[in-house]
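As given, the protein sequences belong to chains E and L, one line each in that order.
The first sequence: position 25 = 24 (numbering that gives the first Met the number 0), numbered continuously.
The second sequence: position 194 = 193 (numbering that gives the first Met the number 0), numbered continuously.
Note that these hints are calculated values from the structure, not bench results.
Among the hints, erroneous ones may be present.
One copy or any two copies: either way a pair holds, since identical chains are not told apart in the list.
[As the list claims (entries may be wrong)] With a straight-line cut-off of 30 Å between C-alpha atoms, the simulated BS3-like cross-links for lysine-lysine are: (1) Lys231 <-> Lys70; (2) Lys187 <-> Lys33; (3) Lys231 <-> Lys255; (4) Lys135 <-> Lys58; (5) Lys70 <-> Lys44; (6) Lys55 <-> Lys234.
Protein chains: 2
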Amino acid sequence: MIQKVVMIGAGNLATQLSLALHENGIEILQVYSKTVASAKALADKLDCSFTIAVNKIEKHADLYVFALSDKALQLVLDEFILPIGTVVHTAGSIPAAIFENYSGNYGVFYPLQTFSKERNVDFSNVPICIESNGSKLQTDLIELATKISNNVHLISSEQRKQLHLAAVFTCNFTNHMYSVGQKLLAEKELDFDLLKPLIMETAQKALQLDPIVAQTGPAVRFDQEIMSSHEKELKDSPVFQKLYRFVSESIYMMHKSK
Amino acid sequence: MIQKVVMIGAGNLATQLSLALHENGIEILQVYSKTVASAKALADKLDCSFTIAVNKIEKHADLYVFALSDKALQLVLDEFILPIGTVVHTAGSIPAAIFENYSGNYGVFYPLQTFSKERNVDFSNVPICIESNGSKLQTDLIELATKISNNVHLISSEQRKQLHLAAVFTCNFTNHMYSVGQKLLAEKELDFDLLKPLIMETAQKALQLDPIVAQTGPAVRFDQEIMSSHEKELKDSPVFQKLYRFVSESIYMMHKSK
Numbered sequence: 000m001i002q003k004v005v006m007i008g009a010g011n012l013a014t015q016l017s018l019a020l021h022e023n024g025i026e027i028l029q030v031y032s033k034t035v036a037s038a039k040a041l042a043d044k045l046d047c048s049f050t051i052a053v054n055k056i057e058k059h060a061d062l063y064v065f066a067l068s069d070k071a072l073q074l075v076l077d078e079f080i081l082p083i084g085t086v087v088h089t090a091g092s093i094p095a096a097i098f099e100n101y102s103g104n105y106g107v108f109y110p111l112q113t114f115s116k117e118r119n120v121d122f123s124n125v126p127i128c129i130e131s132n133g134s135k136l137q138t139d140l141i142e143l144a145t146k147i148s149n150n151v152h153l154i155s156s157e158q159r160k161q162l163h164l165a166a167v168f169t170c171n172f173t174n175h176m177y178s179v180g181q182k183l184l185a186e187k188e189l190d191f192d193l194l195k196p197l198i199m200e201t202a203q204k205a206l207q208l209d210p211i212v213a214q215t216g217p218a219v220r221f222d223q224e225i226m227s228s229h230e231k232e233l234k235d236s237p238v239f240q241k242l243y244r245f246v247s248e249s250i251y252m253m254h255k256s257k
Numbered sequence: 000m001i002q003k004v005v006m007i008g009a010g011n012l013a014t015q016l017s018l019a020l021h022e023n024g025i026e027i028l029q030v031y032s033k034t035v036a037s038a039k040a041l042a043d044k045l046d047c048s049f050t051i052a053v054n055k056i057e058k059h060a061d062l063y064v065f066a067l068s069d070k071a072l073q074l075v076l077d078e079f080i081l082p083i084g085t086v087v088h089t090a091g092s093i094p095a096a097i098f099e100n101y102s103g104n105y106g107v108f109y110p111l112q113t114f115s116k117e118r119n120v121d122f123s124n125v126p127i128c129i130e131s132n133g134s135k136l137q138t139d140l141i142e143l144a145t146k147i148s149n150n151v152h153l154i155s156s157e158q159r160k161q162l163h164l165a166a167v168f169t170c171n172f173t174n175h176m177y178s179v180g181q182k183l184l185a186e187k188e189l190d191f192d193l194l195k196p197l198i199m200e201t202a203q204k205a206l207q208l209d210p211i212v213a214q215t216g217p218a219v220r221f222d223q224e225i226m227s228s229h230e231k232e233l234k235d236s237p238v239f240q241k242l243y244r245f246v247s248e249s250i251y252m253m254h255k256s257k
């Protein structure tokens, strides 16, 4: 059973995940981060100790959670003095096997969500994607994940990579579409609030109806008149104009091939 | 005061709008549509009469609402026997002045929302964008809009066109990003449900934080390693690969120029 955790990292995901674990009875022994400021900020929230020295990391945790950027993960791993205990990382696109030369017990604990320090996330429905190199650890990780979420899944490294790619479209690219909307409105002195009910309804609709079937707008009906009028409006923003044309083509291609 | 309305059109928007008006005490005298099936379907919901003949449209309504596609709007208008009474359309990209040769009292009543027949929309927070060619009509349209929504705005034709363009990015293009996510998951036999908490959180975040500032993901931090690994994963889907590269570039350009 996993009761004592060391959190390696103090970014958005590390912050939200360690708070959720802490609130659900898991003891966060220590926070490691590269800078005192970020390590201390998180340790203060968790009322635990922190360190910025890899050789000062506590030796007796049940689990070491590497919640770091992909680049930092490899760097920190190389500094560890072998052997480390049981380890997981929280990355979408990195195979579990990155740990195979460092530990006998390793896995992945990937919460599929977008995290900011400014917004507390309700973990109860966040999909937690679990992978491990052994069945005992798998059981322990599922038990740990179930403490914070009702949405726990066994997902292979290959599937997780695809999930991460899909999340880039669904979250990062979607947010960029919101940003373009915001910029276009600002040009005509219109308030971004005008788009908020549309943003919510578009998201809620996708939870109920299949988004491929629910697609609306000029591109899916190939309304060339509106599309060229929109492109003309974007003549002073060549990047948005190209984006408009290209996303429209992609919509049209997806629906033509149905 | 507007009390009796004829609804010209029976599509998604016409259906949801006339239901909202009807529920808030406005009498829908009649529904016009090109086909009996669609005219009757909506008239049945409203318990009113319908017609498919332009010359049978009731003569004594306070307002004629043209809730039609852009193409159909001009076609139906050309069939009308002059003079028509007070008219509005519900289109994003068409100037109010399309009516100037047909009526002395005209305007626009544009609900900025995405509508499907399968989903009832709560109009109370839907932005209703009003425009008119006279101050008496403007007062009447604001009064009518206020019956169904707390979110009523005076918006010029030029601003409305930009709003519509921004809505294409925010709604239609966002929905396409959801669709790409769905397709990618299906390829690895993963359930679209896995992405739903992320879809909702991304939308809710945009209501609270400025989306330009809140942008996350590999493109905004120009993480070339992840981006080229994602592009490689998409090698069998050239359209998605091009889309990935192009949206990433657009994100990078927007943030570089900040």
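To see whether the hints hold, each was checked on the structure:
In this assembly of identical chains, the alpha carbons of Lys231 and Lys70 lie at most 30 Å apart only when taken from different copies (19 Å versus 42 Å within one copy). Taking the shortest Cα distances, Lys187 and Lys33 never come within 30 Å of each other, neither inside one copy (44 Å) nor across copies (36 Å). Taking identical chains as interchangeable, the C-alpha atoms of Lys231 and Lys255 lie at most 30 Å apart whether they share a chain (25 Å) or sit on different chains (25 Å). In the homo-oligomer, the alpha carbons of Lys135 and Lys58 lie at most 30 Å apart inside one protomer (21 Å), although the nearest pairing across protomers, at 78 Å, exceeds that limit.
Within a single copy, Lys70 and Lys44 get their C-alpha atoms as close as 26 Å, which meets the 30 Å cut-off; across copies the closest is 59 Å, which misses it. When the C-alpha separation of Lys55 and Lys234 is checked against a cutoff of 30 Å, the pair qualifies neither within a copy, at 58 Å, nor between copies, at 44 Å.
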